[in-house]
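Chains as they are written, first to last, in our numbering: chain S, -2 to 112; chain B, 979 to 1090.
Hint data in this document are derived by calculation from the structure and do not stem from the laboratory. Misleading hints may appear alongside valid ones.
Claimed, not checked - Which stretches of chain S does chain B cover? Using the computed rule of at least three CB atoms under 8 angstroms from a CB of chain B, they are: (1) 35 to 48; (2) 104 to 112.
As the list claims (entries may be wrong) - List time: in silico DSSO-like cross-link candidates among lysine-lysine, alpha-carbon distance up to 30 angstroms: (3) S/100 / B/1027; (4) S/41 / B/1077; (5) S/8 / B/1077; (6) B/1077 / B/1039; (7) B/1077 / B/1027.
The C-beta atom is built at its ideal place from N, Cα and C for all residues, glycine as well.
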Amino acid sequence: EAGVAQSPRYKIIEKRQSVAFWCNPISGHATLYWYQQILGQGPKLLIQFQNNGVVDDSQLPKDRFSAERLKGVDSTLKIQPAKLEDSAVYLCASSLGGVRNEKLFFGSGTQLSVL
Amino acid sequence: AQSVTQPDIHITVSEGASLELRCNYSYGATPYLFWYVQSPGQGLQLLLKYFSGDTLVQGIKGFEAEFKRSQSSFNLRKPSVHWSDAAEYFCAPLGTASKLTFGTGTRLQVTL
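Isolated chain B (complex conformation) (with noise of 0.2 angstroms):
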């Protein structure tokens, strides 16, 4: 069966340190694979796709995310988090059917 999994439900990090959420998915053949943001009171906001290609692609805000297909994984990362980057994140594959399927999400809470 298709799944996707975020094994962390809630990272809190400082405000300049680096980020790093995790995101790793089974399914038979590699999905197409995206990053989602959902801040407080707004809607969802894709930040990043992958489809093929480099392996290493870059998203708005700063954020970036590497597809590994060893691990099954596609984790985001972030150099130096801001303050407004709290939020709650999703991975979300693209299996078949075109389905976009969401993970359960990372909250991420920023310290100042």
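Just chain S, with the same shape it has in the complex (with noise of 0.2 angstroms):
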């Protein structure tokens, strides 16, 4: 089957710009999950959906991040302005149902680096 698919794949910025992920999950997961990882660091959730309804956003900065998921499957993260400490690799995962009996697919990540 296919995989959690995101692009861009690498994304380099200037600090104030705005930048926007975009994340496809697998065809039929009613879940999904923005995580975004520093370097040294595991990844840390940021934003959760469950089709197109936000389950958990409590560290997403809502000052300059959003997530959308519209129509309940593809979903776009957006930076903007963006600051420094935001360069990371962005993680999109997609489930069937919650984390607790379906195991999370992820895709290969965005790495964005803020200059």
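Starting from the two chains in their separate frames, assemble the complex, guided by the hints.
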């Protein structure tokens, strides 16, 4: 089966610019997650969607980050304006249901460098 | 506060040698526990998980992990490491609100 698709693979921007990442989950997966992985750290959950509703966005810096999942399929994550500390790999993951009973399938990620 | 610790940042083993990666957690109740592997240029992949029952769980690629409640540990093991096992390994407890928290990871290097 096709995996979780993410684009772009790499992105370099200057601080205060905006950037958007795209994710296409595995077909039929109701739950979609965005994680931020800073170099040397484990992934940190930014936001979790169940279909097109937000389940958890408690660690999303809402003053600059936004995410949407229209029609419960594809999702975009946006940063505006970007800061130096946003340099990280942004991982998208999906699962059939909640993480309790289903394993997460991860995409390869988008590596963001903010200069 | 809920937390997970992977004490070893970097481990080097020879191919064919045994491996143990440590994971300790601090949660009010026993969480569900997962191990994920991240190979260079690839996405995270689930190795194994523990929910309840038998404290020794088997995973993919010949990995196993043992849950020890008394030590709040969930260490990952493999009897004989292959060069292809070189990767970063993350322990991830599932705590309240079904939030999966990843440890800082252990980078495994395999020498031939």
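For each hint, the structure was consulted:
| no. | hint | result |
| --- | --- | --- |
| 1 | 35 to 48 | holds (count 6) |
| 2 | 104 to 112 | holds (count 3) |
| 3 | S/100 / B/1027 | 9 angstroms, holds |
| 4 | S/41 / B/1077 | 10 angstroms, holds |
| 5 | S/8 / B/1077 | 28 angstroms, holds |
| 6 | B/1077 / B/1039 | 26 angstroms, holds |
| 7 | B/1077 / B/1027 | 15 angstroms, holds |
In summary, this structure violates none of the numbered hints.
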